[in-house]
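2 protein chains.
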Amino acid sequence: MPQRIASKAEDFNRWYTDVILHTKLADYAPVRGCMVIRPYGYALWENMQAVLDRKIKETGHENVYFPLLIPESFLQKEAEHVEGFAPECAVVTHAGGSELEEPLVVRPTSETIIWSLYGKWIQSYRDLPLLYNQWANVVRWEMRTRLFLRTTEFLWQEGHTAHATAEEAEKEAFQMLEVYRSFAEDYMAIPVITGKKSEAEKFAGAEHSYCIEAMMGDTRALQAGTSHNLGQNFAKAFDVTYQDENGEQVFVWATSWGVSTRLIGALVMAHGDEKGLRLPPKLAPHQVVVVPIYRKDEERAQVMEAVSKIEAALDGVRVKVDDRDQFKPGYKFNEWEQAGVPLRLEIGPRDVANGQVVLARRDTGDKASVPMDGLAEAVSGLLDEIQQGLYDQALAFRESHTYPVDDYKTFQERVEEGFIMAHWCGSEDCEARVQEETRATIRCIPFDQEKEQGECICCQKPSDGRVVFARGY
Amino acid sequence: MPQRIASKAEDFNRWYTDVILHTKLADYAPVRGCMVIRPYGYALWENMQAVLDRKIKETGHENVYFPLLIPESFLQKEAEHVEGFAPECAVVTHAGGSELEEPLVVRPTSETIIWSLYGKWIQSYRDLPLLYNQWANVVRWEMRTRLFLRTTEFLWQEGHTAHATAEEAEKEAFQMLEVYRSFAEDYMAIPVITGKKSEAEKFAGAEHSYCIEAMMGDTRALQAGTSHNLGQNFAKAFDVTYQDENGEQVFVWATSWGVSTRLIGALVMAHGDEKGLRLPPKLAPHQVVVVPIYRKDEERAQVMEAVSKIEAALDGVRVKVDDRDQFKPGYKFNEWEQAGVPLRLEIGPRDVANGQVVLARRDTGDKASVPMDGLAEAVSGLLDEIQQGLYDQALAFRESHTYPVDDYKTFQERVEEGFIMAHWCGSEDCEARVQEETRATIRCIPFDQEKEQGECICCQKPSDGRVVFARGY
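Residue numbers (this note's numbering), protein chains in the order written: chain A, 3 to 475; chain B, 3 to 475.
This is chain A alone, in the form it adopts within the complex (with noise of 0.2 Å):
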């Protein structure tokens, strides 16, 4: 048997950790809240990178590298974003053997550095928009940390735009979102809400803050992406104006957005089970692993004959053949099993005689045996099922862990148990309140909320919508 992994159902915390480092996601690294991403962790990152890519690509954004060191005084030219980055930061005071004249900051995310070079790119409207982004690695000094989901160092890929109206800047903040959104759905098979951030929630430094709200198998809710209206806040902190048509000088607008390897995190807690991780097929690494059944050595050759025939026809989906010869069939079906490999094909000596193979899918344990002829098409078919069926399950799992309340009283039970729809008028005291006495933070409020008129939860006064409420990571 593989490493026993703890109970889901009754300690969650511990059952992450233990399907993290028992499927080699990830294991801890000797330096404080940090990790290492180690290949079954990392070919995952690589999948999602190249459709996150892709994506960023074809809505017209250009890749760059700007420096992972940027001078601390960039950081405090932006009265919020120092207040909200400064205390998280680590900071370089010494570098080729003496120290320096002015620390520099390791990035905890780029605007400053990225702002204090936009000021040389952007003269005239036509320089504009700029549609830059860039994979990298950030590091932030947290407080708790845990594998994925809040590390010290973490990778990320971070756009900056920058454009030449107020309209413009929300439209590509929006249209960002929508990108997380359907990688979100489609990819990651997670449902999310989207959302405004509150003022309280939203980033340092931007004039507005939308977000994808995911829900994890503990009912807890995780900001899964961010994607940020920033105004003009950071062009005049760092004096970046254009020449309009007019021929005027006016100061310009931005957005950033991210996502980040937390969204690793989110796939192990949205679909995990008893047995482990169940991975999407569309970015599993493997998304089939064949174990080939045998005794005998004569019993072997025929078997791995079948197997080449069917990686062959197999061709573009994602095979793993685990042809290891010290562990029993069993074994290895553990072992898939808890590294959530979407479908396990197995074969032996009757299989082959038979012209068939027995296909087993992760998600709901169905065996079944399917002919050799059309298995291409079999295989693609149940890697689509299981796609879907994952959304399904994740969906239907949030919904009924949402909660329509209209009382603070059952907001007090409840709020354990999902995400919570109530009213709330909008004021940053019963936000803090609502924290301080449930630990329940405003996760959004929500896009495709109908108006409806109310009572605050916390104060009784007016509110046309409900937000959404839940304890988050």
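Keep in mind that a hint or two might mislead.
[Stated by the list, open to error] Straight line, CA to CA, 25 Å or less: simulated DSS-like cross-link-like pairs of lysine-lysine: (1) B:K26 x A:K59; (2) B:K57 x A:K322; (3) A:K453 x A:K463; (4) A:K173 x A:K284; (5) A:K26 x B:K122; (6) A:K277 x A:K238; (7) A:K311 x B:K369; (8) B:K59 x A:K26; (9) A:K173 x A:K204; (10) A:K311 x A:K284; (11) B:K26 x B:K277; (12) A:K10 x A:K277; (13) A:K298 x A:K322; (14) B:K204 x B:K463; (15) A:K173 x A:K238; (16) B:K411 x A:K284; (17) A:K298 x A:K330; (18) B:K238 x B:K122; (19) B:K122 x A:K59; (20) B:K238 x B:K79; (21) B:K59 x A:K322; (22) B:K369 x B:K322; (23) A:K57 x B:K238; (24) A:K311 x A:K322; (25) B:K330 x B:K411; (26) A:K26 x A:K322; (27) B:K322 x B:K298; (28) B:K322 x A:K59; (29) B:K79 x B:K204; (30) B:K59 x A:K122; (31) B:K284 x A:K57; (32) A:K284 x A:K57; (33) B:K298 x B:K284; (34) A:K284 x B:K57; (35) B:K238 x B:K204; (36) B:K284 x A:K59; (37) A:K10 x A:K59; (38) B:K453 x B:K463; (39) A:K322 x A:K277.
It should be emphasised that the hints constitute simulated quantities derived from the structure, not laboratory data.
Place chain B on chain A using the hints.
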């Protein structure tokens, strides 16, 4: 006219910087020795990464990600390694608002953090070999910096492998050197000399360092990639042993190998000419730039319709259509020549009428009319010719600037003119003296050199082969 660049013949260094800045490969960053890689430069890097990543995976390696920050004490575990790298380190002393108990070094290379974990993962011979690679940023506080060639921060891939035997490690180091050689010659169109570094020039912590050395357009040498046999040095420093098939505990054998964004500098300096960049078709972000030519609106419609057909016909080729209305064709020709696009396609109303286009080669300047029928084949053929032509030209240049030299006086005269093939006794004293007196270093002890008895260029003691001396970057 696009911005003028300095003359390559008159001021190679300024020409190099001008080419990079004016073609927007990169720009200076407001941090000492750092640069921003702009979209054109990053697209080039992405094309290089795609090929290298495929070759690295085809040779059985998996990608991973290790932390950026390394405890200072780790670096000190391998004596030569710390001596080599400590003086170049950027050090994080403060984080999260307070001073750290132990300073963290921003990785200058990752051997130490990686080997601190290999001990955890490697138990038995079944765990070997471990064949890992990572794409990452590294920071080295260099005294003199230069765009791409030597920057405080740079991007690279670093492979780190662990093996059961010395023979396997040596084979791996050679295999990866061959990957770099074929990448440099077949994709970058830069001929390289493969060889071994002298003891003085080898990687800090290696048993043997192997390298590919290229000649730049000013006849100076550039180390374009290195592959190191690390012996058991890091295994011993981090106490990494495995149980062999007889139950014995044995120290593990190691390699590491890397290439970096420095290769972009190599492309500029190996192929560039007085007009600017000349990019090899296999790596160029745009392989073909289409410049439509028209005066009146009705011409425009007609020409642009033909351009659409050209784009469709050239499916699979990286085509850039320059349809900017604010610039005249002549301006565009100059701009794209400076940017090194291998092939320019011009099309005007008369070409449309005649069912043809004009193709202009960047490498030779040759122009020819080509019928629209069979355009794809013509373009593909020309791109292959340009790729080969750039290689041939670089090889001829290197060969005509490589001199067998047998006396020190000629050596001193010739040292500014290229590679000098001279005998060397093998002593570090002679190596150091030559470097002090001529600023030439031993670039490598080449592999494909025939054995030949001779006398050391410096001390006249016996030598059994020539080595490559040159001034390097």
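Results of checking the hints against the structure:
1. B:K26 x A:K59: holds, 19 Å
2. B:K57 x A:K322: holds, 19 Å
3. A:K453 x A:K463: Satisfied, since the Cα-Cα distance of roughly 16 Å is no more than 25 Å.
4. A:K173 x A:K284: violated, 29 Å
5. A:K26 x B:K122: holds, 13 Å
6. A:K277 x A:K238: Violated, because 53 Å separates the two Cα atoms, which is more than 25 Å.
7. A:K311 x B:K369: Status violated; Cα separation ~50 Å.
8. B:K59 x A:K26: holds, 19 Å
9. A:K173 x A:K204: Between K173 of chain A and K204 of chain A the Cα gap is close to 18 Å, so the pair holds against 25 Å.
10. A:K311 x A:K284: Roughly 23 Å separates the two Cα atoms, so the pair holds.
11. B:K26 x B:K277: Holds. K26 of chain B to K277 of chain B sits at ~15 Å (cutoff 25 Å).
12. A:K10 x A:K277: Roughly 9 Å separates the two Cα atoms, so the pair holds.
13. A:K298 x A:K322: holds, 22 Å
14. B:K204 x B:K463: Given pair K204 of chain B, K463 of chain B holds - Cα atoms ~23 Å apart, limit 25 Å.
15. A:K173 x A:K238: Given pair K173 of chain A, K238 of chain A holds - Cα atoms ~21 Å apart, limit 25 Å.
16. B:K411 x A:K284: Violated. K411 of chain B to K284 of chain A sits at ~67 Å, over the 25 Å cutoff.
17. A:K298 x A:K330: Measuring from Cα to Cα gives roughly 13 Å; hence the hint holds.
18. B:K238 x B:K122: Roughly 14 Å separates the two Cα atoms, so the pair holds.
19. B:K122 x A:K59: violated, 40 Å
20. B:K238 x B:K79: holds, 9 Å
21. B:K59 x A:K322: holds, 15 Å
22. B:K369 x B:K322: Holds, at roughly 19 Å.
23. A:K57 x B:K238: violated, 46 Å
24. A:K311 x A:K322: holds, 14 Å
25. B:K330 x B:K411: Judged against 25 Å, a Cα distance of about 55 Å means the pair is violated.
26. A:K26 x A:K322: holds, 16 Å
27. B:K322 x B:K298: The given pair, whose Cα atoms are some 22 Å apart, holds under the 25 Å limit.
28. B:K322 x A:K59: holds, 15 Å
29. B:K79 x B:K204: Holds, because 19 Å separates the two Cα atoms, which is no more than 25 Å.
30. B:K59 x A:K122: violated, 40 Å
31. B:K284 x A:K57: holds, 24 Å
32. A:K284 x A:K57: Satisfied, since the Cα-Cα distance of roughly 15 Å is no more than 25 Å.
33. B:K298 x B:K284: violated, 36 Å
34. A:K284 x B:K57: Satisfied, since the Cα-Cα distance of roughly 24 Å is no more than 25 Å.
35. B:K238 x B:K204: holds, 19 Å
36. B:K284 x A:K59: holds, 20 Å
37. A:K10 x A:K59: violated, 38 Å
38. B:K453 x B:K463: This hinted pair holds, its Cα atoms lying about 16 Å apart.
39. A:K322 x A:K277: holds, 20 Å
Checked against the numbered hints given earlier, the structure breaks hints 4, 6, 7, 16, 19, 23, 25, 30, 33 and 37 and satisfies all the rest.
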